[in-house]
Structures are given as C-alpha cells and as structure tokens.
Amino acid sequence: MAKKTTKLKARRAIKRVVPAAKTATKAPREKAASRRATDESQVAVAESLRGKYVYCVIQSADSLKFGAAGIGDNGSEIHTVHYRDLAAVVSDVPLGILDSTRENVLAHERVNEIVMRDHTVIPMSFGTIFKTRDDIVQLLRSAYDAFGDVLSKMRDKMEFGLKVLWDRDSIVKDIEDEDEGIHRLKNEIALQKGSTYFARMQYGRAIDAALQSRSERYGSEILDRLRDVAVASRINKPIGDKMIMNAAFLVSRDQEAAFDMRVKSIAAEHEKLTFKYTGPWPPYNFVNIRLKLERV
Amino acid sequence: MAVERAAGGSSLIDVLDRVLDKGIVIDAWVRVSLVGIDLITVEARVVVASIDTYLKYSEAVGQSVPVARPALESRPYDELAAENQALRAELSSAAGSRQAVARRRRPGA
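Sequences listed follow chains E and R, in order.
In terms of our numbering, the first sequence is residues 1 to 296.
In terms of our numbering, the second sequence is residues 1001 to 1109.
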C-alpha cells in the first residue's frame, strides 16, 4: 500500500512540475538522503502553487477588477497586472497545462467580452499561464512597444463575424433554369439513349463553374456593400460545402449601428442566403503577435 | 432572410476558430515552459517574434491567404528543426532522469 502511494506521488510530481534542465542535472546523491521528503514537499508545493492566466492586454494605469468570472470552478476574481500604462487582465488558476474544454474556452471568451465593454483589448490566445505576477510584468515590459502600437491601431474598434451560407441544391436548380447551356445539357442527358457519360461530365463541370462564379459574385457584392461601414476585413476559408463566405470585419465603435443596419438590410435582400452574424468580438482576426522564449 | 446578431460567446465553433491561434500567440513549447521556467531569474525571456495587424479592406472573396499564418520567422527551416530537436532531447532527458529516480526508489519504498 505504502509502495503504491509513493509511486503515485512520484508520478504526479513528474507530471505537474515541468522538468527544467537544472533540476534534472542536480546530483542524485544530493537528493538521495532526503529523497522522500523532497518529493513530498514538491508535491505539496505543486499543489498549492497558483499561476496567473492571461486573457488580454489593455491600456490602463489604474488597477481594475472585472468580477469573479475567471476560468475555474468557482470563477476566480479577474484583476490586472501592470507595467507603466499597460495592463494584463488575469485571474489565478492552478499551475499546469490547461485543457481546452468547452467551459475553459468559453470562459476565456467571456472575460474578453466583459473587458471589451469599456476597453480596447488585444486578446491573448487560449491557454497561457505564467508562474508569477513578476513574469507578466516582464512580458509587458519586453513587448511594451509592440503592445502599445497594436493597441493604438485597434483603439475603439471591434470585430464582427459574418458567415454566408446557401442551400446548394436550390441554387443548382436556379442555375439549371437560368443558364441556357446547362439547361440544354440536362435535357440531353434525360433524352439520350445509351451512354450519357460524356454529357454528364460536361454538365458537372458546367455546374461547378456556375456555382463558383455565383458564390464569388455574392461575396464581392456583400463586401462592397459593407466597405464604407467597416475599417478592415479579413476573408477566411469557408467551412463545409454550404458556406460561401467566412469573413471578419473590423468596425469602429461609432459605426457599429451603421454596420449592424447594413448587414441586416443585405440579409433581407437575399432570400436564398443564410447569414450568421456574430459579435462584437475582440479583434482576433486583425492582430497577430507571436511571442517566443529566448534563453539568456 | 432576417438576421439577428448573436453574441460572440454563443457559438463554440466561432470561439475556437479565434482563440486557439489568433491574437497574442505564444508557441506551445513556450506555454509549457512558462509554467516551469522563472522568467525573472535569468533563465529565459519572452521576445516578440512577429507583429502583424491587418487593416486593409479585402477586395474580393477568395483572394486572401488563410488568417493568422504569417511567415513566422526568417530563420531557415533546418535551423529551427535542429533547435526543436535539441529542446526535445533536453526535455526527454530531464523527464527520463526523473523517471529513473522514481523507478530506483520503488524497491526500497
């Protein structure tokens, strides 16, 4: 029994304490005498350690609180860590690697949305935990210029998502009715005796080309209609074969209402299309800051 | 069709589409390290590898490259691969020696 528990503890210690090269190279001799004690205290330390999860970076010299909405079971308190006029929005979490579960990912987004109500944010990607407050100050200090520059570019702007989908079959039917060549091909296939292989190939290719050009036409028409109410746009790859457009728009706060109205009127004009309109989002699609670790 | 705006957090797919690799991104190895390495001692520091903002309005659908995949660094692939391998070796040797410690002590426990 005793054997079992020690084994378990040792395993946990390995899992939770990330092996830094330093610890590993410590002479085993040194450890041997008090090995058990060290291991147990290590487990205790690992379990009591709390790290700080970072949600986003904002501009603020004053320390702020955003309520108990953080990642974790009890909703830890959202607070800020500062360097000069920059602040990281953080909450305490157990030290370790955080799984991207539904709850955790949604909590990350929820906190960003709360902060966004009154601040311009640069969102952090999911899952970054620092050991201490000082480590975060260090992060803010080393990326101070980058963060400051991006924050000023994103000031008072929000992201909106717009996905456009269609019912492929009903569009194909429209094309068959409207396009003379395709219409004729279809009739040929229906009437032809013997092999229709060649005609069917031709038909398939013609349909694909017509669908492609139709989806591009819809796409550029929608983009054109939104141009004067948005600052920037990004086109992502459509997901699945029903989606013809997967776009994100960066919109000034003072144009939010105009953008909103425009999207709604575009949607109203297109009976055949389905619109999925989301936001406001932190400007995820318009900022990409990559950080790496450098040994000193 | 009539459309209503849905709050960002209402669709998990839309959230995942954004939070995993956009915004401020710290690469996976660093994420693991941050929890273990003390930044404030002199072991390591965070540096900015690249900054990109996208403030243009797209001209047409289908012209732009996938989002958030800018050229990472100008360093050649070979160099990165070698560094990656060295780091992996370091990690596994560290983990290995810990396991060895655990294994050795079992009989005596």
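Hints in this document: simulated from the structure, not taken from any laboratory.
Even glycine gets a Cβ: it sits at the ideal position worked out from N, Cα and C.
Errors might be hidden in some of the hints.
The calculated lysine to aspartate or glutamate pairs, modelled on DMTMM-like cross-linking and capped at a C-alpha distance of 20 Å, are [unchecked claim]:
1) E:K292 with R:E1079
2) E:K237 with R:D1017
3) E:K292 with R:D1052
4) E:K237 with R:D1014
5) R:K1056 with E:E256
Short derived list, chain E residues pointing at chain R, Cβ under 10 Å [stated by the list, open to error]:
6) E176
7) F275
8) W281
Residues from chain E that keep clear of chain R, each with C-beta distances beyond 12 Å, as calculated [unchecked claim]:
9) V54
10) E77
11) D179
12) G181
13) H183
14) K186
15) K193
16) Q202
17) D228
18) R234
Minimum C-beta separation from E:D228 to chain R exceeding 12 Å: can you confirm that? 10 Å, violated
Does the closest beta carbon of chain R sit nearer than 10 Å to the beta carbon of E:F275? Given a least distance of 4 Å, the restraint on E:F275 holds.
Regarding the pair E:K292 and R:E1079, is the alpha-carbon distance no greater than 20 Å? Within the cut-off at roughly 15 Å; holds.
For the pair supplied as a hint, E:K237 and R:D1014, confirm whether the alpha-carbon distance does not exceed 20 Å. Distance ~13 Å between E:K237 and R:D1014 Cα, so the pair holds.
Assertion that E:Q202 lies farther than 12 Å from chain R (Cβ): For E:Q202, whose nearest Cβ neighbour in chain R is about 25 Å away, the distance exceeds 12 Å, so it holds.
Distal placement of E:V54 relative to chain R, Cβ over 12 Å: 8 Å, violated
Next pair to validate is R:K1056 with E:E256; report whether the Cα-Cα distance is within 20 Å. With a Cα-Cα distance of about 18 Å, the restraint between R:K1056 and E:E256 holds, given a limit of 20 Å.
Outside-interface status for E:G181 - nearest CB in chain R farther than 12 Å: 24 Å, holds
How about E:E176: closest beta carbon in chain R under 10 Å, or not? 23 Å, violated
Would you check whether the claim that E:H183 is not at the interface survives, using Cβ distances to chain R and the 12 Å cut-off? At roughly 27 Å from the nearest Cβ of chain R, E:H183 sits farther out than 12 Å, so the non-interface label holds.
Least C-beta distance between E:R234 and chain R, which was stated to exceed 12 Å: Its Cβ does come within 12 Å of chain R, the nearest being 5 Å, so this is violated.
E:D179 clear of chain R by more than 12 Å, beta carbon to beta carbon? Its Cβ never comes within 12 Å of chain R, the nearest being 21 Å, so this holds.
Figure legend: structure checked against the earlier numbered hints; hints not met, in rising order: 6, 9, 17 and 18.
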